[in-house]
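Those protein sequence lines, which keep their order, are chains A and B.
Numbering of the first sequence is given in the working numbering, commencing with residue 1 and proceeding in unit increments.
Numbering of the second sequence is given in the working numbering, commencing with residue 338 and proceeding in unit increments.
Since the hints were derived computationally from the structure, they do not count as laboratory data.
Wrong hints could be hidden among the right ones.
A few chain B residues facing chain A, derived, Cβ under 10 angstroms [what the hints assert, rightly or not]:
no.: 1; residue: Q342
no.: 2; residue: T344
no.: 3; residue: R466
no.: 4; residue: K468
no.: 5; residue: I470
no.: 6; residue: D471
no.: 7; residue: L496
no.: 8; residue: Q527
Between beta-carbon pairs, the in silico distance windows are [said to hold, decoys possible]:
no.: 9; chain 1: A; residue 1: D14; chain 2: B; residue 2: R541; range: 57 to 63 angstroms
no.: 10; chain 1: B; residue 1: N405; chain 2: A; residue 2: E281; range: 40 to 46 angstroms
no.: 11; chain 1: B; residue 1: R539; chain 2: A; residue 2: A208; range: 48 to 54 angstroms
no.: 12; chain 1: B; residue 1: G542; chain 2: A; residue 2: H6; range: 53 to 59 angstroms
no.: 13; chain 1: B; residue 1: R597; chain 2: A; residue 2: S318; range: 21 to 27 angstroms
no.: 14; chain 1: A; residue 1: D205; chain 2: B; residue 2: G536; range: 41 to 47 angstroms
no.: 15; chain 1: A; residue 1: E281; chain 2: B; residue 2: A581; range: 36 to 42 angstroms
no.: 16; chain 1: A; residue 1: D119; chain 2: B; residue 2: P642; range: 18 to 24 angstroms
no.: 17; chain 1: B; residue 1: N405; chain 2: A; residue 2: A208; range: 30 to 36 angstroms
no.: 18; chain 1: A; residue 1: P113; chain 2: B; residue 2: G679; range: 46 to 52 angstroms
no.: 19; chain 1: A; residue 1: D308; chain 2: B; residue 2: Y488; range: 16 to 22 angstroms
no.: 20; chain 1: A; residue 1: D272; chain 2: B; residue 2: N405; range: 44 to 50 angstroms
no.: 21; chain 1: B; residue 1: P442; chain 2: A; residue 2: D119; range: 45 to 51 angstroms
The structure displayed is predicted, hence computed values, not measured ones.
We treat Cβ as the ideally placed atom computed from N, Cα and C, and that holds for glycine.
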Amino acid sequence: MAGTGHAPLRDDRDVLLTVRDLEVEFPVGRNEVVHAVSGISFDVAEGETLGIVGESGCGKSTVAKSIIRLNDIKSGSIDYQGNDLAHMEGEALRQIRPDLQMIFQDPISSLNPRRKIRDVISEGIAVWGNTKGSWSQERVEELMVAVGIDPKFGERRPHQFSGGQCQRIGIARALALDPKVLICDEPVSALDVSVQAQVLNILEDMKARYGLTLLFISHDLSVVKNVSDRIIVMYLGKVCEIGNADELYEHPRHPYTRALLASIPEPAPTVDVSESDIEGELPSPIHPPAGCRFNTRCQHATDICFTDEPVMQQVGDSDHYLACHHPVEVSVSVGER
Amino acid sequence: MGDPQLTVEDLYVRFPTSRGTVEAVNGVNFTLEKGQMLGIVGESGSGKSVTAKTLMNLLPRTAEVDGNITFEGDDVRAVAKERRKHFWGVKMTMVFQDPMTSLNPVKRCGEQITETLRYHLGDDKATARKKAIDLLEQVGVPEPAKRVDQYPHELSGGLRQRVVIAMALACEPSLLIADEPTTAVDVTVQKRLLDLLDGLRRDRGMSMILITHDLGVARGRCDDVAVMYGGRLVERAPTETLFADSRHPYTEALLRTIPRIDQPSHTRLEPIAGRPPELIDPAEECAFAPRCRYAQPDCLGTIPPVGGVRGQHEFACFHPANTERGRQALDANLAAGQTVTGLQIQANAGVN
Chain A
1 MAGTGHAPLR DDRDVLLTVR DLEVEFPVGR NEVVHAVSGI SFDVAEGETL GIVGESGCGK
61 STVAKSIIRL NDIKSGSIDY QGNDLAHMEG EALRQIRPDL QMIFQDPISS LNPRRKIRDV
121 ISEGIAVWGN TKGSWSQERV EELMVAVGID PKFGERRPHQ FSGGQCQRIG IARALALDPK
181 VLICDEPVSA LDVSVQAQVL NILEDMKARY GLTLLFISHD LSVVKNVSDR IIVMYLGKVC
241 EIGNADELYE HPRHPYTRAL LASIPEPAPT VDVSESDIEG ELPSPIHPPA GCRFNTRCQH
301 ATDICFTDEP VMQQVGDSDH YLACHHPVEV SVSVGER
Chain B
338 MGDPQLTVED LYVRFPTSRG TVEAVNGVNF TLEKGQMLGI VGESGSGKSV TAKTLMNLLP
398 RTAEVDGNIT FEGDDVRAVA KERRKHFWGV KMTMVFQDPM TSLNPVKRCG EQITETLRYH
458 LGDDKATARK KAIDLLEQVG VPEPAKRVDQ YPHELSGGLR QRVVIAMALA CEPSLLIADE
518 PTTAVDVTVQ KRLLDLLDGL RRDRGMSMIL ITHDLGVARG RCDDVAVMYG GRLVERAPTE
578 TLFADSRHPY TEALLRTIPR IDQPSHTRLE PIAGRPPELI DPAEECAFAP RCRYAQPDCL
638 GTIPPVGGVR GQHEFACFHP ANTERGRQAL DANLAAGQTV TGLQIQANAG VN
């Protein structure tokens with residue numbers, strides 16, 4: 001597993017955000033640390049939707065929070081339009097933050113219950129005043145209409161809206177400062193299926209309308225596939241596989257990606273369901289296994305997997321990269337099951 | 338087949354609140370055969386958990402319940418006082434969504450299993466402990482002899498849920514109700530827990546009611562699936578029939594709104610218009626009518642009764658999808674560009 005190596009980084013000029021060797025650790029006392037993210041590299045092209053999937057504890061939310069500096073970064077760089085976000089401080093960081101906005105998992109608790117939603121949406125514009133467009137009634141109404149909330153409800157407070165509506169208000173708030181990058185951390189996990197589609201469609205519409213670049217994090221593999229152009233599969237703080245969304249789901253090569261796809265109640269037709277019998281429990285992120293981090297649960301593991309960490313490598317000449325000593329051969333499709 | 342193991346007839350559950358009466362369950366009827374796995378699917382507020390809690394006698398005192406529930410010949414709502422202690426938790430048990438809150442954090446896992454055994458079956462300490470270790474082994478907990486003395490916080494979410502399942506199985510129930518048993522865990526763990534529940538059910542000839550919001554989970558595991566909406570059971574059929582040939586427009590809409598793994602990325606989703614139904618003083622009409630593409634004037638006058646073929650494919654709709662009547666209703670609505678409730682609809686989202 002292991003996402004060391006810069007193979008998946010593209011050198012095109014339209015790359016907007018490049019994360020290099022990002023490492024994040026959290027102290028947990030007794031001189032021990034949780035290795036939340038251990039040296040991962042990836043990039044996001046302008047106008048692209050990058051999905052990040054993985055199970056709880058794989059570090060996907062930590063990656064998102066690191067990009068907007070909501071947690072401390074141990075090492076690595078995050079290049080955004082020539083600025084290294086990982087090493088910015090103070091006023092410079094403040095100036096760049098409107099470009100990177102985030103929407104969160106729980107739509108209701110991420111809105112201040114005591115404020116009118118018009119004020120919730122416009123707070124960013126009020127803070128930034130003239131530099132990011134002056135506050136105006138029209139701007140707030142435009143945002144509300146864009147996400148499908150009737151502007152006449154601007155005087156209401158969050159508790160008067162349903163979960164799906166609150167999430168749309170959260171999207172309007174994130175869009176108020178004309179961000180370039182929108183980071184969505186499990187934006188539909190708390191919603192019922194009938195409203196999930198509304199929110200996903202609005203995200204697609206907003207992406208087209210405002211030219212956004214999206215970082216979309218979810219544990220739901222079908223949702224991630226639906227919204228993403230490119231997908232990163234993470235496991236225990238490392239990257240397993242990166243690829244174009246359709247390609248990755250049709251030809252998953254990493255044993256973990258395959259196990260994940262086989263575990264869905266209606267597994268992907270390209271994957272052998274017997275692979276989902278991955279044994280054992282997720283190892284502790286305080287003492288992650290040496291070598292490949294997936295070695296404790298991998299059916300294909302051999303000696304080399306316990307000593308050498310696999311490096312990200314390109315598969316053929318496609319936009320598909322993986323870190324595995326024994327990638328599963330998928331030249332012959334296993335789809336006919 | 339004889340009598341069904343469980344029969345629920347005309348079940349109504351209401352909660353009086355300061356804002357009015359919440360009509361959580363509105364006339365639900367269903368039966369469960371011995372050894373069957375019934376899935377109950379629905380969104381928040383559809384009444385699926387309230388139905389389960391009614392079966393388990395776990396509703397708060399304020400709830401007003403009406404209807405008949407018969408389980409293995411016993412009238413569940415009128416179990417004699419002295420039998421109550423050993424009725425629930427013995428023959429009929431339940432597994433809840435969140436394993437952390439359904440386990441006592443200050444008691445060892447083993448004690449929580451032996452408590453059930455000693456109370457209900459009168460086992461002595463040593464026997465109960467031996468049984469607890471056996472049970473943990475059966476539910477696939479590694480090193481059961483060590484885990485039995487650990488506290489819930491020392492276990493992962495998946496193992497905790499296995500301990501909860503072991504507790505529920507301790508008295509060898511004939512019916513296990515699992516309310517969103519895998520919602521709080523990851524997909525790989527979910528797969529293993531569902532495999533476990535399925536295996537246990539087959540080995541023990543136990544019946545199961547699996548309550549879930551995830552249609553995929555229901556499809557993969559259940560013999561029959563019932564769909565609930567606004568406190569009513571709107572459709573019930575054998576699993577394959579329900580997914581291949583759904584009748585109720587809500588079931589159809591639900592199946593179309595979920596992103597599917599076999600669709601290419603960026604496939605436009607079809608959201609269900611409108612919002613979930615109001616449960617306080619609902620109107621005397623089909624609860625789904627305001628969001629339904631098939632809605633006709635008759636949907637607003639009365640609540641559609643459950644029709645179809647009893648025991649096989651039941652549904653509560655006047656203009657069911659995938660039938661001639663449904664097609665006519667939809668064509669008429671498409672021609673008008675809107676339904677009787679004023680819902681705007683377009684032809685491109687039409688039925689295949």
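Enumerated hints in conflict with the structure, sorted upward = 1, 2, 3, 4, 5, 6, 16, 17, 18, 19, 21
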